[in-house]
Amino acid sequence: MTTGGPSADVRARRPSALAEGWRAYRNERGGVFGLAVLVLVVLLALSAPLLTDPAGLDVTRVEEAPLRPPGAGHWLGTDESGRSVLLLTWWGARVSLLVGSCAAALSMVIGTLVGVTAAHFGGWTDTVLLRLTDFFLVLPALVLAIALSTVLSRGVFTIVLAIGVTSWPQTARLVRAQTLTVQTRPYVERARALGGGHRHVLGRHVLPAVLPLVFATTTLTVASAIIAESTLSFLGLGDPSRISWGAMLKSAMDTGAVTAGAWWYLFPPGLGIAVVVLAFTLCGRSLETVLNPRLRGEGR
Amino acid sequence: MTWNPTGWFFLDTYREGVITMRVSAVGVRTARPRAAVLLSLLVVALLAPSAPFAHTGTAQTRHDRAAADGEVTLRVGIQQEFDSLNPFLGFSLAATDVFRLIYPTLTTYAPEDFSVMPELATEWTSSPDKLTWTFRIRKGVSWSDGEPVTAADVVYTFERMMNDPAAATANGNYVDNFAEVHAPDARTVVIRTETPQATMRSIAVPIVPEHVWSGVDDVAGFANQRMPVVGSGPFVATEYRPQQYLTLEANEDFWRGPPTVDRLRFVNFENSDAAVQALRKGDIDVARELTPAQFDALDGARDIERVRGKGRRFYEIVLNPGATNSAGSPIGTGHPALRDVRVRRAIDHAVNRAELVDRVLGGYGTVGAGYLPPIFRRYYWSPPEEQRRSFSIEAANRALDEAGYPRGPDGIRRGPSGKPLDFEFVLHGDSATDALVGEFVKEWLARTGIRVRLLPVSDNQVNQRTTAGDFDMVVSGWSVNPDPDYVLRLQTCGARPDPGGGGLPDSFLCDRRYDELYRRQLTEFDESERVETVKRAQRRFHEMATGLILFYPNALEAYRADRFSGFLRQPAERGVITAQQGYWGYYRAEPTERARTAGGGGGYRSAALALGGALLLGGLVVAAVTVHRRRTAEHRE
Chain A
174 MTTGGPSADV RARRPSALAE GWRAYRNERG GVFGLAVLVL VVLLALSAPL LTDPAGLDVT
234 RVEEAPLRPP GAGHWLGTDE SGRSVLLLTW WGARVSLLVG SCAAALSMVI GTLVGVTAAH
294 FGGWTDTVLL RLTDFFLVLP ALVLAIALST VLSRGVFTIV LAIGVTSWPQ TARLVRAQTL
354 TVQTRPYVER ARALGGGHRH VLGRHVLPAV LPLVFATTTL TVASAIIAES TLSFLGLGDP
414 SRISWGAMLK SAMDTGAVTA GAWWYLFPPG LGIAVVVLAF TLCGRSLETV LNPRLRGEGR
Chain B
529 MTWNPTGWFF LDTYREGVIT MRVSAVGVRT ARPRAAVLLS LLVVALLAPS APFAHTGTAQ
589 TRHDRAAADG EVTLRVGIQQ EFDSLNPFLG FSLAATDVFR LIYPTLTTYA PEDFSVMPEL
649 ATEWTSSPDK LTWTFRIRKG VSWSDGEPVT AADVVYTFER MMNDPAAATA NGNYVDNFAE
709 VHAPDARTVV IRTETPQATM RSIAVPIVPE HVWSGVDDVA GFANQRMPVV GSGPFVATEY
769 RPQQYLTLEA NEDFWRGPPT VDRLRFVNFE NSDAAVQALR KGDIDVAREL TPAQFDALDG
829 ARDIERVRGK GRRFYEIVLN PGATNSAGSP IGTGHPALRD VRVRRAIDHA VNRAELVDRV
889 LGGYGTVGAG YLPPIFRRYY WSPPEEQRRS FSIEAANRAL DEAGYPRGPD GIRRGPSGKP
949 LDFEFVLHGD SATDALVGEF VKEWLARTGI RVRLLPVSDN QVNQRTTAGD FDMVVSGWSV
1009 NPDPDYVLRL QTCGARPDPG GGGLPDSFLC DRRYDELYRR QLTEFDESER VETVKRAQRR
1069 FHEMATGLIL FYPNALEAYR ADRFSGFLRQ PAERGVITAQ QGYWGYYRAE PTERARTAGG
1129 GGGYRSAALA LGGALLLGGL VVAAVTVHRR RTAEHRE
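Going down the list, the sequences are from chains A and B. Each residue of the first sequence is one higher than the one before, starting from 174 at the first, in my numbering. Each residue of the second sequence is one higher than the one before, starting from 529 at the first, in my numbering.
Since the hints were derived computationally from the structure, they do not count as laboratory data. All C-beta atoms in this analysis are idealised placements derived from N, C-alpha and C, irrespective of residue type, glycine included. Hints should not be assumed to be uniformly reliable.
Pairwise CB distance ranges (calculated) [unchecked claim]:
{"id": "1", "chain 1": "B", "residue 1": "E609", "chain 2": "A", "residue 2": "W436", "range": "26 to 32 Å"}
{"id": "2", "chain 1": "A", "residue 1": "V215", "chain 2": "B", "residue 2": "E971", "range": "27 to 33 Å"}
{"id": "3", "chain 1": "A", "residue 1": "V311", "chain 2": "B", "residue 2": "V869", "range": "52 to 58 Å"}
One side only, chain B facing chain A, incomplete, derived with CB under 10 Å [stated by the list, open to error]:
{"id": "4", "residue": "N799"}
{"id": "5", "residue": "P820"}
{"id": "6", "residue": "A825"}
{"id": "7", "residue": "L826"}
{"id": "8", "residue": "G890"}
{"id": "9", "residue": "T894"}
{"id": "10", "residue": "L955"}
{"id": "11", "residue": "A963"}
{"id": "12", "residue": "A974"}
{"id": "13", "residue": "L983"}
{"id": "14", "residue": "P984"}
{"id": "15", "residue": "E1071"}
Modelling step: build the complete structure from the supplied sequences, incorporating the hints.
This is the structure:
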């Protein structure tokens, strides 16, 4: 029992459960819309090196006049060095999405580990881990992230670390609560009675029951991580060697694009952030609804 | 075993939750109106007091209400913070600009052409060997607290700088060579120097009152923020809020006559866009350090006049030539390859200055040359054709190949020790110019097999890293005085930091031949000889290529034409309003009739009143509604 995988019966049930989940998800109009937008954005971001010429990002190679309004040659105008804003926004999506998802994944891993450990072992472990969680919860995340990214060397992964390390407490709390309820179920009790160790109970029973919830939360965390990344880049703490939406907004502010009335420089990255965050939020909410029949019932 | 495949885990708990929710909803209903009233009252009470004070944080103070009496306030928007109001410590442009307004100097520079003219000293003579200088101190000048300004104050200031290393931080170059300073009588100062010193007629050291400063034991720790600051310039600093504003009142007893405005205020802005918006709204009168985009955008704006002045700043990239401190021991984290002058020259070849002026400055600047900016025509030196390192990626690649830095498998060149040429380029984090220059330089150097990693940090960190030698490449730049001694000294061995910190180094050049030329120009009194020596020093600096002078940016400013009809600019031809070598621009501002009759920009005040009114109204509505709800609660149930 401790070594074998799920029984053939369970294995057969898994795809059908997925299919049922997808059916439920399809009924969420917002979720489908969000997913469609996300797929589109991700595909575009991934295909940027194939569809566009990165030489257009090299300031020494562009010929266009700076801060040109949208026109035929450059649909979204140009930035202060004559680069196409469309191209910048396109490439900026890559960093924003990368940092957003990596940071969310990191926060998910930390949050799940802390939450499950605290709930499962209880007692001292629980107290210590919970106080640690509380500490991070009351600390203003942005301030901590700023401090971290100032101290560590510049780079994408510093930002990922700074956001990931500061955004896990909510996940940890949620996972802990969920683990507590799962552990009172009769089947967990039965597994224990049959001699299942910590590893077995956690790996075979608790984690699979908690993961769907974690998944839904992570989707929502991505949205806030993207905002956090843009904020940090806007404050000048991002990776200066890569274009991101926040960094675009920062250079627009620094060059005086607002005074110059260069709306085309501020609008695309801002819209990009808003759309992607909205899409992630819609997906996350729909996932929650699918996984939580209570919400589903009320939604109709 | 059972495995819960879809995770319907909420089933067994949620019913309970719904029940409790319903219970609590019922329980709260009666209590809510009172709580809401209390809450709304609390909110109103917390917010209301902020309205009358809202404008103190944004450039306005109670003084402005007196503007109706015909008083004029000149409000200048600045983006740099005052690094220190202590004249012995502050060296930022913002701070030195204030020191010129509140402290006297022995001499000053004429507004027309930067020629030396009397200030606190009415006349001066030197001995035939140029080692003893005698200054006559102006009669009838007094400090703002009524004490007379005497020769003793001058002696005290110089002696303090000679004896206290902390007091020599900002202007130490002037007194390095002083042997003795004394005052035979209350109106005479005699300075004896070790060797002849050519800068004796232009000592830009703020003179401080002895009766105030003799009580200061620790200069390095003294902020000089007790208002009003005792001084003797055309203005008196009266109110200071760090990162918000500094207010100066006109000194009616100033010996040259009172200034044309009654008050001067420097208002801090976080970014230049905010300053420009404030200028457009009329909340400030002068905005400076505009970006080219802003300068172009203000073209034709109503009531706004633009000033494009010849800048006296140079903008350079410092290549760390192996920084050492004054004891000669290596400091910092400079890349060993940059100690090779051939690498530094190759990098110079890979920088296209004309392109930078065109694309980064939008044409508002002059291509960089030797060292000193062309505004000071006499000292300006531009490398002749055969010495100029013109832009050529091929030449840079060839030079690096010949110097023995072959490309590795990844295309990055390797030094003799096998260390890749991978340089950290430190930039000012919130400067658009730095960001763009960084991008350009990075791309150009990438084509020569050198990797550059951009590192934008805060201004303070740039200064710290520069002083500590913790950089491979860093952006630097200085405003040059009409007498070039100050910036020339930055490249000498004497400017290197002390082992314990302090010091104001620039490129850590520390070259024997350069130092020799520096010493000679300092002791040279024949004008044309000195100019020649200064040019030779610049040539040496160019040869060593520790600092690559990229360009001399124009000073871009704009002012409210409805409130000020003009300013005394320095120099007369294409001069600037702010950050002059002297107080002329502020002292001789020309307010219009309108500025005298109408108060300065009520924008913030009316906004604050409107906000306060809206809050009060909102509070009243909330209170009325809740009262109404409570009264009719039984009926609705």
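Hints, verified against the model:
For E609/B and W436/A, the Cβ-Cβ distance of about 30 Å falls inside the hinted range of 26 to 32 Å, so the restraint holds. Between V215/A and E971/B, the C-beta spacing of about 29 Å keeps the proposed range 27 to 33 Å intact. For the hinted restraint 52 to 58 Å between V311/A and V869/B, the CB-CB distance of approximately 55 Å keeps it satisfied. Against a cut-off of 10 Å between C-beta atoms, the interface hint on N799/B holds, since the closest Cβ of chain A lies about 6 Å away.
For P820/B, the suggested interface contact is upheld, since its CB lies about 8 Å from the closest CB of chain A, less than 10 Å. For the restraint placing A825/B at the interface with chain A, the shortest Cβ-Cβ distance is roughly 4 Å, inside the 10 Å limit, so the hint holds. At a threshold of 10 Å, the smallest CB-CB gap from L826/B to chain A is about 7 Å, leaving the interface hint in force. Given hint, G890/B at the interface with chain A, holds; its Cβ is 7 Å from that chain's nearest Cβ, closer than 10 Å.
Nearest Cβ of chain A to the Cβ of T894/B: about 19 Å, over the 10 Å cut. The hint is violated. At its closest, the beta carbon of L955/B sits 8 Å from a beta carbon of chain A; the interface hint therefore holds under the 10 Å criterion. Here the hint on A963/B is kept, as its CB sits about 6 Å from the closest CB of chain A, short of 10 Å. Satisfaction of the interface hint for A974/B is found here, the shortest Cβ-Cβ separation to chain A being roughly 9 Å, below the 10 Å cut-off.
At a threshold of 10 Å, the smallest CB-CB gap from L983/B to chain A is about 6 Å, leaving the interface hint in force. Hint status for P984/B: holds, given a least beta-carbon distance of 5 Å to chain A, under 10 Å. Taking 10 Å as the C-beta contact cut-off toward chain A, the hint placing E1071/B at the interface is violated, the least distance being around 27 Å.
The structure shown violates the earlier hints numbered 9, 15.
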